[in-house]
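Enquirer: Chain by chain, the residues run as shown.
There are 2 protein chains.
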Amino acid sequence: MAQKPSIPKGTRDFSPTEIAKRDYIFGVVKKHFKIFGFQPIETPSFENSETLMGKYGDEGDRLIFKILNSGDFLNKVDEATYSIKDSRSLTSKISEKALRYDLTVPFARYVVMHQNEIDFPFKRYQIQPVWRADRPQKGRFREFYQCDADVVGANSLLQEVELIQLYDSVFSDLKLEGVTIKLNNRKILAGIAEVIGAHDNLVNFTVALDKLDKIGVEGVKKEMLAKGISEEAITKAAPLFELSGDNASQLLALKDLLIQSEQGSKGVEELGFIINAMEHLQLQSANLEIDVTLARGLNYYTGAIFEVAAPKGVKMGSIGGGGRYDDLTGIFGLKDVSGVGISFGLDRIYLVLEELGLFPETLNKSLDVLCINFGENESMAALSLVTELRKQGVTADVYPSKAKMQKQMKYANNRKVPYVVLIGENEMNTNTFVVKEMASGEQYTYGLDQINDFIKRL
Amino acid sequence: MAQKPSIPKGTRDFSPTEIAKRDYIFGVVKKHFKIFGFQPIETPSFENSETLMGKYGDEGDRLIFKILNSGDFLNKVDEATYSIKDSRSLTSKISEKALRYDLTVPFARYVVMHQNEIDFPFKRYQIQPVWRADRPQKGRFREFYQCDADVVGANSLLQEVELIQLYDSVFSDLKLEGVTIKLNNRKILAGIAEVIGAHDNLVNFTVALDKLDKIGVEGVKKEMLAKGISEEAITKAAPLFELSGDNASQLLALKDLLIQSEQGSKGVEELGFIINAMEHLQLQSANLEIDVTLARGLNYYTGAIFEVAAPKGVKMGSIGGGGRYDDLTGIFGLKDVSGVGISFGLDRIYLVLEELGLFPETLNKSLDVLCINFGENESMAALSLVTELRKQGVTADVYPSKAKMQKQMKYANNRKVPYVVLIGENEMNTNTFVVKEMASGEQYTYGLDQINDFIKRL
Numbered sequence: 480m481a482q483k484p485s486i487p488k489g490t491r492d493f494s495p496t497e498i499a500k501r502d503y504i505f506g507v508v509k510k511h512f513k514i515f516g517f518q519p520i521e522t523p524s525f526e527n528s529e530t531l532m533g534k535y536g537d538e539g540d541r542l543i544f545k546i547l548n549s550g551d552f553l554n555k556v557d558e559a560t561y562s563i564k565d566s567r568s569l570t571s572k573i574s575e576k577a578l579r580y581d582l583t584v585p586f587a588r589y590v591v592m593h594q595n596e597i598d599f600p601f602k603r604y605q606i607q608p609v610w611r612a613d614r615p616q617k618g619r620f621r622e623f624y625q626c627d628a629d630v631v632g633a634n635s636l637l638q639e640v641e642l643i644q645l646y647d648s649v650f651s652d653l654k655l656e657g658v659t660i661k662l663n664n665r666k667i668l669a670g671i672a673e674v675i676g677a678h679d680n681l682v683n684f685t686v687a688l689d690k691l692d693k694i695g696v697e698g699v700k701k702e703m704l705a706k707g708i709s710e711e712a713i714t715k716a717a718p719l720f721e722l723s724g725d726n727a728s729q730l731l732a733l734k735d736l737l738i739q740s741e742q743g744s745k746g747v748e749e750l751g752f753i754i755n756a757m758e759h760l761q762l763q764s765a766n767l768e769i770d771v772t773l774a775r776g777l778n779y780y781t782g783a784i785f786e787v788a789a790p791k792g793v794k795m796g797s798i799g800g801g802g803r804y805d806d807l808t809g810i811f812g813l814k815d816v817s818g819v820g821i822s823f824g825l826d827r828i829y830l831v832l833e834e835l836g837l838f839p840e841t842l843n844k845s846l847d848v849l850c851i852n853f854g855e856n857e858s859m860a861a862l863s864l865v866t867e868l869r870k871q872g873v874t875a876d877v878y879p880s881k882a883k884m885q886k887q888m889k890y891a892n893n894r895k896v897p898y899v900v901l902i903g904e905n906e907m908n909t910n911t912f913v914v915k916e917m918a919s920g921e922q923y924t925y926g927l928d929q930i931n932d933f934i935k936r937l
Numbered sequence: 480m481a482q483k484p485s486i487p488k489g490t491r492d493f494s495p496t497e498i499a500k501r502d503y504i505f506g507v508v509k510k511h512f513k514i515f516g517f518q519p520i521e522t523p524s525f526e527n528s529e530t531l532m533g534k535y536g537d538e539g540d541r542l543i544f545k546i547l548n549s550g551d552f553l554n555k556v557d558e559a560t561y562s563i564k565d566s567r568s569l570t571s572k573i574s575e576k577a578l579r580y581d582l583t584v585p586f587a588r589y590v591v592m593h594q595n596e597i598d599f600p601f602k603r604y605q606i607q608p609v610w611r612a613d614r615p616q617k618g619r620f621r622e623f624y625q626c627d628a629d630v631v632g633a634n635s636l637l638q639e640v641e642l643i644q645l646y647d648s649v650f651s652d653l654k655l656e657g658v659t660i661k662l663n664n665r666k667i668l669a670g671i672a673e674v675i676g677a678h679d680n681l682v683n684f685t686v687a688l689d690k691l692d693k694i695g696v697e698g699v700k701k702e703m704l705a706k707g708i709s710e711e712a713i714t715k716a717a718p719l720f721e722l723s724g725d726n727a728s729q730l731l732a733l734k735d736l737l738i739q740s741e742q743g744s745k746g747v748e749e750l751g752f753i754i755n756a757m758e759h760l761q762l763q764s765a766n767l768e769i770d771v772t773l774a775r776g777l778n779y780y781t782g783a784i785f786e787v788a789a790p791k792g793v794k795m796g797s798i799g800g801g802g803r804y805d806d807l808t809g810i811f812g813l814k815d816v817s818g819v820g821i822s823f824g825l826d827r828i829y830l831v832l833e834e835l836g837l838f839p840e841t842l843n844k845s846l847d848v849l850c851i852n853f854g855e856n857e858s859m860a861a862l863s864l865v866t867e868l869r870k871q872g873v874t875a876d877v878y879p880s881k882a883k884m885q886k887q888m889k890y891a892n893n894r895k896v897p898y899v900v901l902i903g904e905n906e907m908n909t910n911t912f913v914v915k916e917m918a919s920g921e922q923y924t925y926g927l928d929q930i931n932d933f934i935k936r937l
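First to last, the protein sequences are chains A and B. Sequential numbering of the first sequence, starting at 480, is according to my numbering. Sequential numbering of the second sequence, starting at 480, is according to my numbering.
Honestly, the hints are just simulated from the structure, not real lab data. Quick caveat: nothing in here was measured; it's all calculated off a predicted structure. Treat the hints with care, since some could be wrong.
Which copy? The list can't say, so a pair holds if one copy fits it or any two copies do.
[What the hints assert, rightly or not] Below, a list of computed lysine-lysine pairs in the DSSO-like style, where the Cα atoms sit at most 30 Å apart:
#1 Lys734 - Lys617
#2 Lys509 - Lys915
#3 Lys715 - Lys564
#4 Lys734 - Lys513
#5 Lys572 - Lys488
#6 Lys883 - Lys700
#7 Lys889 - Lys564
#8 Lys706 - Lys564
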């Protein structure tokens, strides 16, 4: 019995049309990565389990796809372990490898392993799939591409400035104008916690603060109270709930609020440097906004924090994010390597471009010229012409069999071919070919010595 | 304790230099795939196990990487199965997904699942990694890219002709001249077995014949005898051991030998069509040779068989291969879909280009312009210039910190930067910048309003 085939949940096949669109996005992103001096690396799809396990928290450990050892994998499992029949205990005995969960940990591993070949500061980009055993849902997949650019071994804030420019360049080139790059700094968050006397509770404070957009001021206060943050602290933090105005006035208000915190003041200074630099350099189409509620990946970031929101009016979570982190490679034994990086959310950017109709028309066209097949001799003549066209870089094809004209023209329509070429007996005898322009329906006759005239028309 | 990181055996990290070279090959291959009218698809990295298992023989089944089910995977294993502690029996209970082993089976699955969206004949290409739990050795990896182009739903021999042209176009464009495209036909092999009375033993016959180059005529005869092929059959097959001369004379000799076999004669006719067409159309730089010892994947191919050998003088196995197969999709319930395809052996092509020094010099250059960093103010001026250069598509960067001049110049040398830009206090005061051409050591001064003159020089 033949199987009715399917693919695993949370995975996707990509059709030629989808690949064309994805490649378009990748192409633009890569172009700007390169122009900004980033270089590509690639790491294996699976890593040794000990490289990945314990790096993403308990939840992450659970979501990592593990690869079963090859061969007689039970051979090495001792009876004691086997007899308790516990999935968790058995896993490490029968699986030594796991699929990449993100690009950051493999990158850290790469930097440590190749530190003697790398010219620091190292600006690397990496665009590869990652896998997570998450519950699939709309827009969340078990296999998806990540697209990261990081600079390691450089402490200067120039990097933060450049990364904002990089976002702006990519989104401007994609014609996705009006994205908002939100900017915060971990030191500001820490300073706030310090000033209001909640520094033991920074994570809870920022997690709650981050929900300001969703649950409003009262909701945030309620959550903070529930998490053990005092009434007094919340009252002191009140100015944060009402920060408004342009970046300059927010900076002033923050400077005021954090004047007694060394760390907080440092954060304001860093934020100020970046804001000033961007005013000097000008963005092409993106907006830059301070957002002190931004706290993504707090445990990870140590300086700047970025997040990119789609243009107003498009309902979509963040389409990019990143920040500065100290000690990227410490887990693998290389100390004092600071880094800063950003990522692009490919799947969401794809959906936004689709929604706004921003994919170029030309992506639909996969074939410039199709020659109709009128039989064996005629198709050889057609293949001669097509061979010449291809040598000149024209995407051309001969329909592979002498099917009915209607069927061949339907194929041409489906593939959105702009020019159909006809070489029948008559044309063979006169060394000519007929070109039918599909949009207008007009026909032209060329001699075989006029191929270049035809190419000019394309 | 920090871990000393490593990667699983048989896998590789790719450095920026290696990626540049691999991307160069992929770029050329894709360009010609597109010009020839092929369209890209991508399939998930893992498939449901039943899609892959049983498709590659027992050996293949063993070499497929299986993914452990997530969560409490032992929960669903019954006591009876568990208690016998047998790896093979347990595998199907604790693993439902497996990593892609090649691109052909996923492609067949894709065609069946998407048959109503596909415009047949479907010319698809696919360039993705595959994984095999093979014993790693020099040139054999557990993760490697396959690169396939196939046409399905078309029976005409025009496809075979085009695929030979495609090989020729790609290798000519890669400047890898003098490759030999070997051509055979499964029907000729079947005809030979029939004529010499060994048709029950065709696989053994062709496997032995395939070794002619390696073990010589006597070795082949000995192996055939050992495999139960009669003295008489071997004597009748003798002309095959001495086929020589150009394609035309080989065709004549084969026609003669196979005149009494309907299938064999059909094979000779097909071979003749292709050879004639190629003489008419001319190859750019490849050689086309009939090779009746070519029998790769015999159980799979039903018509033409291709294999590409590197230019003479380069020691390397085949750098490409393919052929025609009937019934690609029968395993998944879609009958009568004939296909023909070729693949490119990326890793070997890489090694051949490396050995012959055929990678373009330009691949080494990842940065056109580096601005030296003289401090905070100067670096902001440099970043202004770099911003302008990048907008014009120039790959440019500012060194991220005010390191010693020597260190910054060393970085420029390592990254093979052709132009270093200096903006110090003096240049800031005079609105100029100094360009140092690294090859000649010469220096030029430009005004900030002369950026376009500088770009012209690049």
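Enquirer: Are the hints correct? Go through all of them and say.
Expert: Going down the list of hints, with the structure as the test:
no., hint, in the structure
1, Lys734 - Lys617, "neither (42 Å within a copy, 61 Å between copies)"
2, Lys509 - Lys915, "between (38 Å within a copy, 28 Å between copies)"
3, Lys715 - Lys564, "neither (54 Å within a copy, 63 Å between copies)"
4, Lys734 - Lys513, "neither (37 Å within a copy, 57 Å between copies)"
5, Lys572 - Lys488, "both (27 Å within a copy, 18 Å between copies)"
6, Lys883 - Lys700, "neither (72 Å within a copy, 51 Å between copies)"
7, Lys889 - Lys564, "neither (60 Å within a copy, 58 Å between copies)"
8, Lys706 - Lys564, "neither (38 Å within a copy, 48 Å between copies)"
Against the hints set out earlier in the document, violations occur for numbers 1, 3, 4, 6, 7, 8.
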